[in-house]
Amino acid sequence: MATTEGTSGTSPGADVPRDCGGDDAHAVGRGPLAVLRQVAAACILPDLLETPTLPEGARRRARRVLQEMDAGNIGGYNHEHRSLGVPTRVARFLERRDGGVPCDPRDVIMCSGTASIVPVSPTHPGGRSGGVPVPSPITLSSPSSSPPTKFVLSLLVDESSAVPTGALVPVPGPPLLGAAAELAGAVAVPYPLAEERGWDVDVPALRRALRRARATCRPKVLCVVNPGDPTGHVLSRRSMEDVIRLAAEENLLLLADEVQQERAFDPERPFLSFKRVLWEMGAPLASAVQLISFYSLSKSVAGDGFRAGFLELVNVEGGVTRPFHLAQSIPRPSVLGRVMLDVLMDPPDEGDPIQQVLEEHRRDLTRSLAVAARLLGERLAQAPGFCLQPLHGGARAFPRVQLPPRALSQARALGLEPDVFFCQKLLEATGIALAPGSEFGQLEGTHHVAVSLLLPLPALERVLRALTQFHAAFLREFS
Amino acid sequence: VPVPAMAAFGTSGGTGRPPAPASPSSRPPAPTPLQLLIRRAAAIEEELAQGQHKPFSEVTRCYSEDAVAAGHQPPAFLRQVAAVCAYPELMGSDEVPDDAKRRAGEILGRLYGGSVGAYNLEYVTDTMTEKVARYLERRDGGVPCVPAHVIPCSGTAAAVVVSAATPRWPRGTRCGHDRRGSCPQDVLTLLVDESSAVPTGVLVPVPGPPLLGAAAGLAGAVAVPYPLAEERGWDVDVPAVRRALRRARAMCRPKVLCVVNPGDPTGHVLSRRSMEDVIRLAAEENLLLLADEVQQERAFDPERPFLSFKRVLWEMGAPLASAVQLISFYSLSKGLGGGGYRAGFFELVNIERSILKVFYTWGLSVYPPILGQVMLEVVMEPPQPHEPSYPTFEEHRRDLTRSLAVAARLLGERLAQAPGFCLQPLQGGARAFPRVQLPPRALSQARALGLEPDVFFCQKLLEVTGIALAPGSEFGQLEGTHHVAVSLLLPLPALERVLLALTQFHAAFLREFS
Chain A
1 MATTEGTSGT
11 SPGADVPRDC
21 GGDDAHAVGR
31 GPLAVLRQVA
41 AACILPDLLE
51 TPTLPEGARR
61 RARRVLQEMD
71 AGNIGGYNHE
81 HRSLGVPTRV
91 ARFLERRDGG
101 VPCDPRDVIM
111 CSGTASIVPV
121 SPTHPGGRSG
131 GVPVPSPITL
141 SSPSSSPPTK
151 FVLSLLVDES
161 SAVPTGALVP
171 VPGPPLLGAA
181 AELAGAVAVP
191 YPLAEERGWD
201 VDVPALRRAL
211 RRARATCRPK
221 VLCVVNPGDP
231 TGHVLSRRSM
241 EDVIRLAAEE
251 NLLLLADEVQ
261 QERAFDPERP
271 FLSFKRVLWE
281 MGAPLASAVQ
291 LISFYSLSKS
301 VAGDGFRAGF
311 LELVNVEGGV
321 TRPFHLAQSI
331 PRPSVLGRVM
341 LDVLMDPPDE
351 GDPIQQVLEE
361 HRRDLTRSLA
371 VAARLLGERL
381 AQAPGFCLQP
391 LHGGARAFPR
401 VQLPPRALSQ
411 ARALGLEPDV
421 FFCQKLLEAT
431 GIALAPGSEF
441 GQLEGTHHVA
451 VSLLLPLPAL
461 ERVLRALTQF
471 HAAFLREFS
Chain B
1001 VPVPAMAAFG
1011 TSGGTGRPPA
1021 PASPSSRPPA
1031 PTPLQLLIRR
1041 AAAIEEELAQ
1051 GQHKPFSEVT
1061 RCYSEDAVAA
1071 GHQPPAFLRQ
1081 VAAVCAYPEL
1091 MGSDEVPDDA
1101 KRRAGEILGR
1111 LYGGSVGAYN
1121 LEYVTDTMTE
1131 KVARYLERRD
1141 GGVPCVPAHV
1151 IPCSGTAAAV
1161 VVSAATPRWP
1171 RGTRCGHDRR
1181 GSCPQDVLTL
1191 LVDESSAVPT
1201 GVLVPVPGPP
1211 LLGAAAGLAG
1221 AVAVPYPLAE
1231 ERGWDVDVPA
1241 VRRALRRARA
1251 MCRPKVLCVV
1261 NPGDPTGHVL
1271 SRRSMEDVIR
1281 LAAEENLLLL
1291 ADEVQQERAF
1301 DPERPFLSFK
1311 RVLWEMGAPL
1321 ASAVQLISFY
1331 SLSKGLGGGG
1341 YRAGFFELVN
1351 IERSILKVFY
1361 TWGLSVYPPI
1371 LGQVMLEVVM
1381 EPPQPHEPSY
1391 PTFEEHRRDL
1401 TRSLAVAARL
1411 LGERLAQAPG
1421 FCLQPLQGGA
1431 RAFPRVQLPP
1441 RALSQARALG
1451 LEPDVFFCQK
1461 LLEVTGIALA
1471 PGSEFGQLEG
1481 THHVAVSLLL
1491 PLPALERVLL
1501 ALTQFHAAFL
1511 REFS
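For the record, the sequence lines run as chains A and B. Residue numbers for the first sequence follow our numbering, beginning at 1 and rising by one. Residue numbers for the second sequence follow our numbering, beginning at 1001 and rising by one.
Just to be clear, a hint being listed does not mean it is correct.
Claimed, not checked - Covered by chain B, according to a simulated footprint, are these stretches of chain A (three or more residues, beta-carbon under 8 Å):
no.: 1; region: 26 to 39
no.: 2; region: 64 to 75
no.: 3; region: 361 to 367
What the hints assert, rightly or not - Using C-beta positions, here's what the derived DEER-type ranges look like:
no.: 4; chain 1: A; residue 1: V203; chain 2: B; residue 2: E1047; range: 36 to 46 Å
no.: 5; chain 1: A; residue 1: G31; chain 2: B; residue 2: A1042; range: 25 to 35 Å
no.: 6; chain 1: A; residue 1: G31; chain 2: B; residue 2: R1242; range: 39 to 49 Å
no.: 7; chain 1: A; residue 1: G31; chain 2: B; residue 2: V1238; range: 18 to 28 Å
no.: 8; chain 1: A; residue 1: P348; chain 2: B; residue 2: P1147; range: 40 to 50 Å
no.: 9; chain 1: A; residue 1: D47; chain 2: B; residue 2: R1447; range: 24 to 34 Å
no.: 10; chain 1: A; residue 1: P348; chain 2: B; residue 2: E1047; range: 33 to 43 Å
no.: 11; chain 1: A; residue 1: D47; chain 2: B; residue 2: E1479; range: 44 to 54 Å
no.: 12; chain 1: A; residue 1: P105; chain 2: B; residue 2: V1238; range: 15 to 25 Å
no.: 13; chain 1: B; residue 1: A1042; chain 2: A; residue 2: P348; range: 22 to 32 Å
no.: 14; chain 1: B; residue 1: R1110; chain 2: A; residue 2: P456; range: 17 to 27 Å
no.: 15; chain 1: B; residue 1: A1042; chain 2: A; residue 2: D47; range: 45 to 55 Å
no.: 16; chain 1: A; residue 1: P105; chain 2: B; residue 2: M1251; range: 37 to 47 Å
no.: 17; chain 1: A; residue 1: P456; chain 2: B; residue 2: P1305; range: 32 to 42 Å
Hints in this document: simulated from the structure, not taken from any laboratory. Glycine included, C-beta positions come from ideal geometry on N, C-alpha and C.
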């Protein structure tokens, strides 16, 4: 695992990864789930089925996989597996997840996640561009793997219209969401989350954003991220109902980025899918509001970047989604990615050793995220100049950081966002790389940093100590 | 242009045609005749399993060029390296030979976190491009290749088109078009200018892979078919392309000429001379050459070896060699790999600076699965003669082309003896595309049923013999002609049986519908 030495010679320690602000499990040393890799290996090399090199549970599961493959081989296209086999099991998984809300496999579209880095030139300072956050140079090492939002949006954008389509995107939000909207030919319309209310969706602010946006575009899509990234909030049912009502009133399609759903760790705020909440609101909304939801293997309990995920379409007009079903319209996952995702979709089974491992892993993951969240909360509560909203889910914390006026002016003199300046100085002094808030967008005049909750506890302790000490020194230096 | 009922949600994708009216459900589009045949084949298998009596005891699928589905696995070495990369603990296992472990170790050492599941953009953009470039130089007898002009991708479909959006050029690109900020991130949408009132035309060969025509539509272009000359072994017919161009200019601006070599499903490999004619045509008509060369490892006729368009272009010398723009595709799905791993690349030659810049400024639209790139790496740098896995690997490679050649010869012999079949010489690829004579009464009965005649033929063939072939209309063909696509990938005994049943059935069909 690559680590970074500060230029002043300080090093945060051998176990502190080079990127402490990302949400990529691998980047912080959390290896892949062995069971999934074992199944994958046995599928690739069926010779392994005959010997005890791999555990029997993995071999059994791999045999099941190969039975479904064309000619019993994993290397072919296996179109049926993609278009019917896996979606059927995904549909059953979603029904279990959502307490029985029915799911039709034909509404499940397997897709590949996209991790497109929008490269920034060395002279680009990062920060906002027309209100939409742009990744900063620091975080080129911590890419954000995003769902194929761009492709989905591009199917929703009406290119023949003289008025561009508008897509509302939350700020703060995943760095590439706004970029994805623009890439799709839409106009990204930022709407602020209410930081002081735990990053809740602020419906009046949304309405204001809509009104203003209508001067320049036709808003059609409302993107919501739940659990939030990098904010770490999980929406309450009530907030979700407000969002749904708003979408109905304003005739917006809801694009729900729910990829972090398996990282919800606060039992007081369990993850509820938009689909479930919508369904439980009953007629007429339940069949009127159009919704597309994303799930990704890399943000699931597996945390493995095999480029697999799926979209679920709810109430979406046929004319719009017809192209989704065309093989070429959306990037498709490799067979292995589908297989690994498929194992996660297996129903709970106490007799299955793989399921036992997965269950244990799920518990460990949520427990360690909760512990990390508590630690962050405690340390930052004691540090003047930091303010952290409650964390319920996701893999990052997004504390607000107070930056002194001289730092603000020095940053601007250098053409940098203040929090980029802060993060650069932090990196130089401590060797620790955090993601600056401007990468995700934030209210003008506020500054944040993103800290990964996936870091092992000792590393997280070190990071927090270095961060708070550095900040205190920074306050003194630039006061 | 009819407006969908729910106009608020936009069109059904930039097909260049008026959008279909919105329907109340999000059901998939209507299946193609081939898809229906595939479904019927599965249904017949069910019926057989339930004990229904049929004149045959099993269903034989003989239409696909998916080698892995036909039972041809990628070489063992490839799968051994991939398995170890997927589960590095296998380093300690006796199931994997040492050289595969060593290679896997080298690869994992270059990956961040030592994991194929971690984000490894540099592996894709730096390591892979270098290896691919060296492979291409070896392939092309030394023609230089710039790694920066190689773009790894997750297979042809993704690279050719992944977006149904009509694109805009990004801000700052100098191309004189209206810009609204969207960035096309796949090849065809990159080349199509939707802001123009006149749609872009993309010439596609007929017969050809259905992907190309669909891709042109999805990219917002107009697909302009040009016929291949069947009677001359499916050669590119330059005068016919010119005629297609002239006609097309009435309704679009042709910009892209797609050529498929080796051809699919036609199985031809172009001669150098034909390729030079195509290149000259592209130069004269200012067309970008999109060369689908994905079947290059399936060229099996030593009299007609595969030559890349890049090589032929280079060897034509100045001024063409630096003037004609070319994008060429390679896929791991054909040849030694498999379609499930989603790996391939495309190479840009003489591409206009502004487009090149877009490719690199905006990155790859689909970050490919790393394990697929790992397998691609092994194909680009296979075991060397001194390595223990070399003999098996090379044997596997030879078997691939040898078995295709033998199957091709068998098909040629059997169909030459059958009246009503006409097969052009096969030189590459994994399918044959014989022309089938269908009697007039069959034609009228097909039309009465609303079917293409070759679809009607294939449906009857399936019901009577259990054999599933692909109808020629799936790939396009000259009006009034009918073909079937037959896979070369089946084991010889099965292929013999298929040919016997096919020719017998056709003879009966002729009698029945004469």
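Query raised in the report: Is 22 to 32 Å a correct range for the gap between the Cβ atoms of A1042/B and P348/A?
Result: holds, 31 Å
Query raised in the report: the region 361 to 367 of chain A covered by chain B? Criterion: 3 or more residues, Cβ-Cβ distance below 8 Å.
Result: Our answer is that it is violated, as 0 residues pass the Cβ test (under 8 Å) against chain B, missing three.
Query - Outcome for the supplied range 25 to 35 Å, where the beta carbon pair is G31/A and A1042/B - result: violated, 40 Å
Query raised in the report: Do the beta carbons of D47/A and R1447/B sit within 24 to 34 Å of each other?
Result: violated, 53 Å
Report task. Go ahead and decide if the range 37 to 47 Å is satisfied by the Cβ distance of P105/A to M1251/B. Result -> holds, 40 Å
**Report entry** Coverage of the region 26 to 39 of chain A by chain B (three or more Cβ within 8 Å)
**Finding:** This one holds; 8 residues, not fewer than the three required, reach chain B with a Cβ under 8 Å.
Query raised in the report: If you look at each residue in the region 64 to 75 of chain A, do at least three have a Cβ nearer than 8 Å to any Cβ of chain B?
Result: holds (count 5)
Query raised in the report: Does the Cβ-Cβ separation between A1042/B and D47/A fall within 45 to 55 Å?
Result: With a Cβ separation near 30 Å, A1042/B and D47/A fall outside 45 to 55 Å, so the hint is violated.
Query raised in the report: Quick one: are V203/A and E1047/B within 36 to 46 Å, going by C-beta?
Result: For E1047/B against V203/A, whose Cβ atoms are near 57 Å apart, the range 36 to 46 Å is violated.
Query - Assessment of proposed distance window 32 to 42 Å (beta carbons of P456/A, P1305/B) - result: With a Cβ separation near 56 Å, P456/A and P1305/B fall outside 32 to 42 Å, so the hint is violated.
Query raised in the report: Cβ-Cβ distance between R1110/B and P456/A: within 17 to 27 Å?
Result: holds, 25 Å
Query raised in the report: P105/A and V1238/B, beta-carbon distance inside 15 to 25 Å?
Result: Since P105/A and V1238/B have Cβ atoms about 48 Å apart, the given range 15 to 25 Å is violated.
Violated hints for the displayed structure, listed by number in ascending order: 3, 4, 5, 6, 7, 9, 12, 15, 17.
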